[in-house]
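J.: Single-letter residue listing:
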Amino acid sequence: MASDETSGKDLTAADSSSVEHVTAAAGTAVVARDALKNPGLPPHRQRVTDLDPRAEKRAERTVYTLFYLSVVGSIFAIAAYMVFPIVPEEPGSVRLNNLFIGIGLALALLALGIGIVHWGKSLMPNTEGIDQRHPVRGSDQARERSVEIYHEVIEESGLGRRALIRNSLIGALVVFPLPAVVLFRGLAPQDQDPVALLNQTMWKKGTRLALDPSGAPIKASDVTLGSSFAVIPEGLQDLEHGRLEEKAKAAVILVRMKPEDLNQLPERVTWSYDGIVAYSKICTHVGCPVGLYEQQTHHLLCPCHQSQFDVADHAKVIFGPAKRALPQLPIAVDSEGYLIAQSDFLEPVGPSFWERQ
Amino acid sequence: MPRTKKPTNGRARRTGRRSPVASVALIAIGLLFTGGAYAMVSTSTATAQTETASQQTISEGEKLFAANCATCHGLSADGTGTGPSLIGVGAASVDFQVGTGRMPMQANGPQAIVKPVQFTEEQTAALVAYVASLAPGPALPEAEYLDAEGDAAAGAELFRINCAMCHNVAGAGGALTEGKYAPALEGVSPEHIYEAMVTGPQNMPVFNDMNISPEDKRDIITYLKYLDNNPSPGGFALGSLGPVSEGLFLWIFGLGAIVALTVWIAAKSN
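If you read the protein sequences in the order shown, they are chains A and B.
Numbered continuously in my numbering, the first sequence closes out at residue 357.
Numbered continuously in my numbering, the second sequence closes out at residue 270.
Same shape as in the complex, but just chain A (with noise of 0.2 Å):
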């Protein structure tokens, strides 16, 4: 309040006077003699609100039906919501019921608002003034008074003195989040190691390589020429829990080309079957699922960060942020001739983590 008052009739003579006031202290640097001087505020201008009482008039017309809009446009979203109701059967029904409710509430809001602006520029007075900010620095008393008050503190409250209250106290407050550490990581799985549950999928030894979404197996002979399998383990749609978990490690591509396109490690001959290979489908970067698969070029496409890998050449990377092949899964054929896992895969799939061997 006190600088209120001060402010209003200090301020012009404290504003052309700044650039005066200014003294360069010791070890400051240069001050500049033409700093440039204040012009001040420009003349102040009339509205046309202020000179011809009819625009005045039209001015208030125009910012209370605005208001009564606003009053319109709320009571058309009411209207709206219960007209236009969202029909669980027909997903149409939303369109209509967002789009009229919208406009409602659009128009309630911004009729208000623009009414308040306009009434503020138009109507409310427009005079130009300042008020000055008041110093941050405390008057000498205030001052040497706080310090006093701070040593009284430390003396009357023993801080100083009982040092085992104080060491108690700091004691206590580290202590006090520690429950709250204990029970987040109690949200996290219990009893089960996350680098193993990394480092595995559902694949084992003879499951059957089966089609998503209905998790029927896939015999050798299905698997024709330039074809494209999205594959879970069979057994994965009858899981009760932790589905879609095990889902996202173990999704595979499966695809077959020409044997003789194949370009294949003569360690991992014995992983594909008469052409048809088998890659996770986890991209190695950061775990989007690789499926665009062109059977011309056999290259596989990522479309989260367009990582590249060729399906030929066990899956390297090609192209992309990616770094590593996505990882072989090593099939075979049972005697009933479906496509089966030798074994999981030999590596943990989709991005790096720390603990990856």
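Since the hints were derived computationally from the structure, they do not count as laboratory data.
It cannot be assumed that every hint is accurate.
Said to hold, decoys possible - Pairs of lysine-lysine, DSS-like flavour, derived with a Cα cap of 25 Å:
| # | chain 1 | residue 1 | chain 2 | residue 2 |
| --- | --- | --- | --- | --- |
| 1 | A | Lys-219 | A | Lys-247 |
| 2 | A | Lys-57 | A | Lys-37 |
| 3 | A | Lys-121 | B | Lys-63 |
| 4 | B | Lys-180 | B | Lys-268 |
| 5 | B | Lys-180 | A | Lys-323 |
| 6 | B | Lys-115 | B | Lys-63 |
| 7 | B | Lys-115 | A | Lys-258 |
| 8 | B | Lys-180 | A | Lys-316 |
| 9 | A | Lys-205 | A | Lys-247 |
| 10 | B | Lys-268 | A | Lys-57 |
| 11 | A | Lys-204 | A | Lys-316 |
| 12 | A | Lys-258 | A | Lys-316 |
Based on the hints, put chain B in the right spot on chain A.
T.: Below, chain B alone, put in the same frame as chain A:
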């Protein structure tokens, strides 16, 4: 007038005696009759495979092929350096490539683009018959799978698993590598959707009947037709391209409106 008179005169003169060609015609009619009767008996015992096309359609297709396709695919359709062999690609593949206007190809490029269809339906059918007669391959789809009256929800799930990574979840298409792209699926006829799944045109993988059964393909077609026939529940779909078009819209119109309002609020009233 004299022209109409003349034939009547001729006919009147001929009555009464046998024409020299009459016996030949009689033998020909007799042969045709017996031959036709034999053909009817033999087709009734043959399998449904022979309903594909008559020899005439096939030879017509062969002529069209020689005139329009053989430059790249070879006179006997066994491929050249510029075009693949068409032996064994089947009726479905030709109907898709020619019926959507992708073939004859406009120019060599990353992939054949859709353009106005170059052949009439009869000509397309003749080409289909000719290529299908070369070697067995995927046949034209049965009409019962094209009615788009299957289970749209099941089709949507299959579409998300097998198709959406390239064609976008709303079938709006998307980019692939090196200038190739997956086309948008809006307005594509059920026949062509089915044929594309069966044959795997260009870089699209093949989705044979063991992978996606004909009933499942019908569901997928149902889903795509549902998307075609129903408006997007969210209002303007902006091409269903997701953050690209939606973000651009917001940057231009949303931020534009905010800037305009700010300028108005800060401006002095007149």
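J.: State for each hint whether it applies.
T.: Status of each hint after checking the structure:
Restraint check for Lys-219 of chain A and Lys-247 of chain A: satisfied, since their Cα atoms lie roughly 21 Å apart, inside the 25 Å limit. A C-alpha spacing of about 41 Å is found between Lys-57 of chain A and Lys-37 of chain A, which places the hinted pair above 25 Å, so the restraint is violated. The straight-line distance between the Cα atoms of Lys-121 of chain A and Lys-63 of chain B is roughly 81 Å, outside the 25 Å bound, and the hint therefore fails. Distance check on the hinted pair: Lys-180 of chain B and Lys-268 of chain B sit about 55 Å apart at the alpha-carbon level, beyond 25 Å; violated.
Distance restraint check for Lys-180 of chain B and Lys-323 of chain A: the Cα-Cα separation of roughly 24 Å lies within the 25 Å cut-off, and the hinted pair is therefore satisfied. The straight-line distance between the Cα atoms of Lys-115 of chain B and Lys-63 of chain B is roughly 23 Å, inside the 25 Å bound, and the hint therefore holds. Annotation: proposed proximity of Lys-115 of chain B to Lys-258 of chain A is violated, straight-line Cα distance about 32 Å (limit 25 Å). Taken as a hint, the Lys-180 of chain B and Lys-316 of chain A pair is honoured in the structure, with Cα atoms around 21 Å apart against an allowance of 25 Å.
The straight-line distance between the Cα atoms of Lys-205 of chain A and Lys-247 of chain A is roughly 17 Å, inside the 25 Å bound, and the hint therefore holds. Note on Lys-268 of chain B and Lys-57 of chain A: the hinted pairing holds, with a Cα-Cα distance of about 19 Å set against a maximum of 25 Å. Of the pairs offered as hints, the one joining Lys-204 of chain A and Lys-316 of chain A holds, with about 24 Å between alpha carbons and a cut-off of 25 Å not exceeded. This hinted pair checks out: Lys-258 of chain A and Lys-316 of chain A have alpha carbons roughly 18 Å apart, not beyond 25 Å.
Comparing the model with each numbered hint stated earlier shows that hints 2, 3, 4 and 7 do not hold.
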